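Based on these hints, arrange chain B on the given structure of chain A.
Protein chains: 2
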Amino acid sequence: MSRSSHQPQRSPVAAPRKRTADVRAALVDAAWWVLEHDGLAGLTVRAVATRAGVAPMGVYNHLRDKNGLLTAVLTRGFDEFSAALAEPADLEPVARLLATGRAYRAFALAHPVAYGLMFGGGGSTADLDPDPEHPHPDTIALSEAGERAFGRLVSVIAHAQAAGVVRADPLEQIAWTVWSAVHGAVSLELAGSLPPTDTAPSYEAVLEMILRGIAPG
Amino acid sequence: MSRSSHQPQRSPVAAPRKRTADVRAALVDAAWWVLEHDGLAGLTVRAVATRAGVAPMGVYNHLRDKNGLLTAVLTRGFDEFSAALAEPADLEPVARLLATGRAYRAFALAHPVAYGLMFGGGGSTADLDPDPEHPHPDTIALSEAGERAFGRLVSVIAHAQAAGVVRADPLEQIAWTVWSAVHGAVSLELAGSLPPTDTAPSYEAVLEMILRGIAPG
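Those sequence lines, one after another, are chains A and B.
Numbered as in our numbering, the first sequence ends at 229 without a single skipped number.
Numbered as in our numbering, the second sequence ends at 229 without a single skipped number.
One or more of the hints may lead you astray.
[Said to hold, decoys possible] Residues from chain A shown here face chain B by an in silico Cβ test under 8 Å; the list is partial:
| hint | residue |
| --- | --- |
| 1 | ALA61 |
| 2 | THR62 |
| 3 | HIS195 |
| 4 | ALA197 |
[To be verified] Label pairs and their in silico Cβ distance ranges:
| hint | chain 1 | residue 1 | chain 2 | residue 2 | range |
| --- | --- | --- | --- | --- | --- |
| 5 | B | ALA118 | A | LEU52 | 29 to 39 Å |
| 6 | A | ARG224 | B | THR32 | 46 to 56 Å |
| 7 | B | GLU145 | A | ARG36 | 47 to 57 Å |
| 8 | A | ASP210 | B | ALA101 | 43 to 53 Å |
| 9 | A | ARG31 | B | PRO142 | 19 to 29 Å |
These are calculated hints, taken from the structure and not from any lab test.
Keep in mind that this is a model prediction, so the values were computed, not measured.
Every residue, glycine too, gets a C-beta built ideally from N, C-alpha and C.
With the rest of the complex left out, here is chain A (with noise of 0.2 Å):
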């Protein structure tokens, strides 16, 4: 009945880490799920849990409260942002920044109340840390997170630059001018402020009038 009877290759000490990756990547994934279905009001430390199917004090032992919850889930949504901003590489330079222009979208509009927490304020993430002169692993982990998906845009606008088909400035200056206009454009969407039916056109006219803003003189 002990535990090496039923696994004998494995290290005594190995399984349980690897159990307690297992349970907080499961509560990782309801804590994703509950912010996407019932929005942050419904992101509580006793959904999470039964959507897990674990007691309360589990979520408590991995991910501490509320905030961490809050960390945990952006993080995710970074994740998910960089890897829905991943275009293929074979793509031209021109054609990659409008691919991964329309995908800076496709996420907003997919996942809506994510962006709105990653992008919308509520000040930085050191809001969500009890000790932010100490930042805690997680509060790291989530900056680190927030740092690759930027570096996705950073990344596709210095391939496009090396090409020539960017202009010289400093790179992450045109990176900031390019984010603010995609991030002004799909925030005015999902606000409600433009015809629903004019949406796409209108973001297409968007991402031309970046390509023209970035192009060298």
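Only chain B this time, still in chain A's reference frame:
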């Protein structure tokens, strides 16, 4: 001691009407002040009544409820925004575009709570109305104030287009792309997504990107 003895030239019908408008204006002033100082959570009938020095029933009588308060205060926000975007007409078209873009950011930074509510979603203004099929006059006034503010942006672009310094694309489409970019830039700044020291030059880079993006082909 009668009213007419103090105001012999005034119609006894017009006098109370004027006082009603004065009370309403004082309540909207109070609501705007409360929103700026205490945020949306602080915008309660009681807080506005206290600030305006009237009984809570006075707020109910003039502005209905919290949604009515918010409707009135957002209308005030759009009116302030329109005034902020009214640049001297004697500027050159490109200088006028830049001045309007800078005024846009200055308003958002000066009134971050109102700006977030005016453009940050929470759905359409119809959500504030108890019967959106038959909108309240205050709801109609809010929509019209929002359209006037957007009209300022359209007007300054139309002026530049007439002068030949903006491409001949449909005016509304250009206005939407410009609005997307400036809204995105100030939203990311308000959300703390950029190092504070970099925000002013970064915003100038956004404006320059826009000018190139909407220049004649």
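Now the hints, each set against the structure:
1. ALA61: 28 Å, violated
2. THR62: Given a least distance of 28 Å, the restraint on THR62(A) is violated.
3. HIS195: 4 Å, holds
4. ALA197: 4 Å, holds
5. ALA118(B) <-> LEU52(A): 29 to 39 Å: 31 Å, holds
6. ARG224(A) <-> THR32(B): 46 to 56 Å: The hinted range 46 to 56 Å holds for ARG224(A) and THR32(B), with Cβ atoms some 53 Å apart.
7. GLU145(B) <-> ARG36(A): 47 to 57 Å: The hinted range 47 to 57 Å holds for GLU145(B) and ARG36(A), with Cβ atoms some 48 Å apart.
8. ASP210(A) <-> ALA101(B): 43 to 53 Å: Since ASP210(A) and ALA101(B) have Cβ atoms about 30 Å apart, the given range 43 to 53 Å is violated.
9. ARG31(A) <-> PRO142(B): 19 to 29 Å: Violated: the Cβ-Cβ distance is about 53 Å, outside 19 to 29 Å.
Figure legend: structure checked against the earlier numbered hints; hints not met, in rising order: 1, 2, 8 and 9.
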